[in-house]
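First to last, the sequence lines map onto chains A, B, C and D. To convert, count from 1 in the first sequence and add 19; that's this note's numbering. To convert, count from 1 in the second sequence and add 19; that's this note's numbering. To convert, count from 1 in the third sequence and add 205; that's this note's numbering. To convert, count from 1 in the fourth sequence and add 205; that's this note's numbering.
One or more of the hints may lead you astray.
[Unchecked claim] Below 27 Å or equal to it, Euclidean Cα-Cα: the simulated DSS-like pairs (lysine-lysine) are:
1. C:592 x C:267
2. D:539 x C:242
3. C:304 x D:532
4. A:32 x A:230
5. C:539 x D:355
6. C:350 x D:592
7. B:218 x B:32
8. D:355 x C:532
9. D:532 x C:539
10. C:539 x D:592
[To be verified] Calculated from the model, a selection of chain B residues having no Cβ within reach of chain C, i.e. all distances over 10 Å:
11. 21
12. 34
13. 209
14. 215
15. 258
It should be emphasised that the hints constitute simulated quantities derived from the structure, not laboratory data. Don't be surprised by glycine CBs; every beta carbon is placed ideally from N, CA and C.
Listed here are the chains, written in short residue letters.
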Amino acid sequence: MNSRLSRVIEQAKITQRPIFMAALVAADPYLDATLDYMKVLADEGADLIELILPFSDPTYHGAVIQRASARALREEVGWDEIVTLGQRFRETHQTPVILSTYYNRVLSRGVTPFIASLCAADFDGALVTDLPFDESEKLRAALSEANLVLPPFIAPTTSLERFKHIAQGCDSFLVWTGHTGGDPTMTAQQFEQRMREFKAVSSRPILGSMKVADAERARMVSRHCDGVLVGSAMVWLIEGRGSQTTDTLAAFVRDLRAGMDAE
Amino acid sequence: MNSRLSRVIEQAKITQRPIFMAALVAADPYLDATLDYMKVLADEGADLIELILPFSDPTYHGAVIQRASARALREEVGWDEIVTLGQRFRETHQTPVILSTYYNRVLSRGVTPFIASLCAADFDGALVTDLPFDESEKLRAALSEANLVLPPFIAPTTSLERFKHIAQGCDSFLVWTGHTGGDPTMTAQQFEQRMREFKAVSSRPILGSMKVADAERARMVSRHCDGVLVGSAMVWLIEGRGSQTTDTLAAFVRDLRAGMDAE
Amino acid sequence: GRYGRFGGRFVAEALWGPLQEVADAYELAVADPQFLKQFDELLDRRLGRPTPLTPLPRLSEKLGRARLWLKREDLCQGGNFTANLAAAYALMAVRMGRKALVGESATGEFGAALGAMGNALGLKTLIFMGREDQDSEPMGVRRMKELGVKIETVDAPIRGRKIAQSEALRFWGTHPDDYFYCPSSLAAPDPYPRMSAFFLSTIGVEARVQIERADCTPEYLVAPVGSGGFAAGFFAEFAPNETIQLVGVQGAGEGLSGRHAASVVNGRPGVFQGTYSFLLQDEDGQILAPASAAAGLSVANVGPQHAQWAEQGRVHYVAVEDREAYKAVQMLLKEEGLLVSLESGHALAYALKLLPTLDEGQDIVVGISGAGERDLARLEAFRAAEKAAESGGRA
Amino acid sequence: GRYGRFGGRFVAEALWGPLQEVADAYELAVADPQFLKQFDELLDRRLGRPTPLTPLPRLSEKLGRARLWLKREDLCQGGNFTANLAAAYALMAVRMGRKALVGESATGEFGAALGAMGNALGLKTLIFMGREDQDSEPMGVRRMKELGVKIETVDAPIRGRKIAQSEALRFWGTHPDDYFYCPSSLAAPDPYPRMSAFFLSTIGVEARVQIERADCTPEYLVAPVGSGGFAAGFFAEFAPNETIQLVGVQGAGEGLSGRHAASVVNGRPGVFQGTYSFLLQDEDGQILAPASAAAGLSVANVGPQHAQWAEQGRVHYVAVEDREAYKAVQMLLKEEGLLVSLESGHALAYALKLLPTLDEGQDIVVGISGAGERDLARLEAFRAAEKAAESGGRA
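Input sequences plus hints: build the corresponding full structure.
The structure is reproduced here in structure tokens:
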């Protein structure tokens, strides 16, 4: 974990302020827009940015991100352009960026070149949606050598025992996916209960990815864990919203941030 | 065999004149017309009349007689009307009439009532298309008791041995069907050859039913056997020919008769 | 060629010789172990015999305490029992030196079965089929066409599908040396009723062994009866065993008071298609057009052995209406996931009525003559019609 | 869960637990004689196993001196091999206390097989199927509907049929306790590749016995390979026997230079649908839409055991173009009267090329994965197109 990322995590712990991770699909609708949006996220209060590298078959994402990926794919963005995007963002912002993708894009690129690109782009880690903890050891180790993180996922189907095992191997934070592209399968109470159990056995921060789409829900989720990952709602705002997108996005992020910080 | 029929057969033998049997479908297009047509046949030189009783499924007849039967069926002629037809014909003519049908019409009527009707109508026998010689013993015997004949059929597939057997049991004349509703399957030479073989073992008259449709062909067929049965060509003439039918039919029968007698 | 007073060979003289030739060849064939071995090998290696005897635990439980079983000709090559017959006919044709098969087909299934076995043994195939039948059975027609079967279209708007058989027979009468005649109907001139029953008896022989092995003790054997070929093959092995009640189920169409296909139940003896047997006819002896939603049951008459069994009381014949058959097919689909033909649905419907009357340890075996894929569109239409009727009067 | 470097369980975390549960249940099930007996009884009594091994004397003679045989899953319940899998999955679901099956289907065949076994064992069935696939497979859809299968339409104009599997898996991730997941593809996360191969191995085990009994000594075993479920079941029993050459035939579509489905022949290893195996992908790792006229071969990747066999050289993988497959299907129809699926036509086409290179006393066995009734319209269209091309340029 580099200092940029560890600072965010430490800071959150000290201030007891929820971590706000916001997701975007790279090159949706085009790469320059993505740079603008990343800046908006950072400026308006996102602590972390998940930059989703488009994949042809985003199996575990919902319809919104599936459509966004399909649009972005048509831009045919190469690795060099992603690197440039990262570099241009870093010229003005220090918000950590996690490049998110599916495992085949990593394998196809090759693990070493993949990590080299992350470094060149000045990114801070990777999220690989279809790489469960048990299959991820080698990639995690390689990333770690480059000071990059591979946050693992946990889910409603993750047993407490399994959680312990995953949390032990976690190098940064965990992402709780309360849904798998489908509807949440837990009540708020069940979620709260589960978080309590998890928190009792590990101090690693847990970010909840649970279809958060407004400030109220952001507050509700972040009350029980250490932060929120907002993806679909963000991407949906961008989807065909015309020239006002940047302003709308800024307002939305501000609103979410305020919601999380309200308590 | 009654004297009316035996006279025709004897006469033909003595004069060496071919026997001309002409067929009509009863009630095609209506029963009174059939009476007129029968008279025309008799007046213009037919020695015998085959009166076809319509059957729903005239399997072994060609398309012309199938259509005529379908038309006649719609007239819903009952047995009483058939009897009356026979009686009215007999008021003016002595030409023997053979009632022709399929076996189920006989069985449905019952053998005894069937024969009673034939007698009442003053008919001279029956032809049953789907009753082969081997299945016909009982009906033949019953008819015979009433002085009525049941002429058997022979065909290109009838072996010489089988012919002998059939001819022996024959009570009157034989009908050679050179076709089974389909095309003739023999050349003229084969036919001639076969007739020679048959004639060598039996003196029963053989009437050729071989799609005769003109005088030339009538002459050709009757040269090798003892007479001709003309069916389809006769029925086809009647089919929708309008008010001139009687004249046309008369001319046709005259023409055929002349053709047969030409030699 | 006789079954009591039934059967016989009531044909035009032109067909007597050809039929006798087939009869003679048949006698020799069934006495020839080499021929029987060939036949058995075809059944085993090509047709996939034996077909299974399937227990239906769910449906049985739903309807009482007895057990329901199916003998499954739907799993035979081509999806129905006619492949057995086609195999035998094709072997006979080869044995007799014929170059082609000629027959008729109402659904295209028998036509395809003949075409398939014809191709396998190097014979051409000619099938007579009514135009209306072709329209209502597009799959069967397609299958025949891809097999290279020559289809002779029979136009018979008045007289219905029975004419195709007549036309095939008539054609054969003029080409007996080139063609082997293959009637789809058991109601045909001798030797066909005994010949087809013999070649189909494998079904019953297999079933008997399977029934014994499965520790099944049937009170009833139930089979659909159109002309009755399948039922004859299924029943023959059990006919001497008086402890099993055999039931032949005919098509009652929309009800016995209207048009139907219940030749045994509601017809009377007569001669048609070359045989003396039970027959749908009016009082004048005119043949009535059969009517059943199941094309395979829509036959005016029945094989002569059924006529004899009916008179002897050895087999009990009943009739089931179209809608009962549809419902039985649907129930089997829903409860057991098996899709059988509407013909078989008739037998099944009757068995489903019998089931609740039986006790534990008792069994019913239903003979399934074929698969129901070709009935899918009809099932859909029936379901739609039922739904429309439910929601207040038929539209 | 590994086949050399291939296989694995590359899924979202939410699926790890449910998959592990299935894996644990599978281990226990195959160690339970009662479970295996139930499975065998379903195969025997309901599916009609064994399916035959059919010799093709006419076609063999036409093409040389060796003998061609077919192992006939087209005669299995439902007309294809997937019934075997459906039976196993349904039994597993009951064992695990699940109330329903969920899977995907490209042709409707697997969907219907699941629906049928589901009904038989009292389980509901939910099938994800692409809208386009539904349009091109009306029979399969009808069959599912009549079975009461709930069909979830997947609209994916861009990404093709592979999305249905993803959607089914995604759905299962949120309902793992109610549903048992039934992938149609062998290219699925562990334990599915080993589980389906085991349940399908009956095909190969049967074939080996039949081959020995028939005095057949195959040089080649040839089978179609889409995701490779059928081929895995067919080959596994023979894989240790180095004297038989195993050949997996993939869909080359309109040619390997264009769009095709030859994942092993022309793809490279990657992770998709939860497994690491050969995969159609571009240089960026984006999955390519597979293309083959045979829907069952139109799969982007292959089961991991095939990837291992390919690397080991144990199985030889080749690709056959659509038109060769069509012609092989037609030739089999014409010479032997058997109608097999276009998928099987691919394997057959390759076997027909091998046949003339063999000597007397040598044999080829082709694995037929299913019947060809659903391809009839396509065959007709192909024939029309060929005819148009022959008569001077495609219109």
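We went through each hint and held it up to the structure:
{"no.": "1", "hint": "C:592 x C:267", "verdict": "24 Å, holds"}
{"no.": "2", "hint": "D:539 x C:242", "verdict": "25 Å, holds"}
{"no.": "3", "hint": "C:304 x D:532", "verdict": "25 Å, holds"}
{"no.": "4", "hint": "A:32 x A:230", "verdict": "24 Å, holds"}
{"no.": "5", "hint": "C:539 x D:355", "verdict": "13 Å, holds"}
{"no.": "6", "hint": "C:350 x D:592", "verdict": "15 Å, holds"}
{"no.": "7", "hint": "B:218 x B:32", "verdict": "13 Å, holds"}
{"no.": "8", "hint": "D:355 x C:532", "verdict": "20 Å, holds"}
{"no.": "9", "hint": "D:532 x C:539", "verdict": "38 Å, violated"}
{"no.": "10", "hint": "C:539 x D:592", "verdict": "44 Å, violated"}
{"no.": "11", "hint": "21", "verdict": "24 Å, holds"}
{"no.": "12", "hint": "34", "verdict": "29 Å, holds"}
{"no.": "13", "hint": "209", "verdict": "14 Å, holds"}
{"no.": "14", "hint": "215", "verdict": "20 Å, holds"}
{"no.": "15", "hint": "258", "verdict": "16 Å, holds"}
In this structure, the hints that do not hold are numbers 9 and 10, in rising order.
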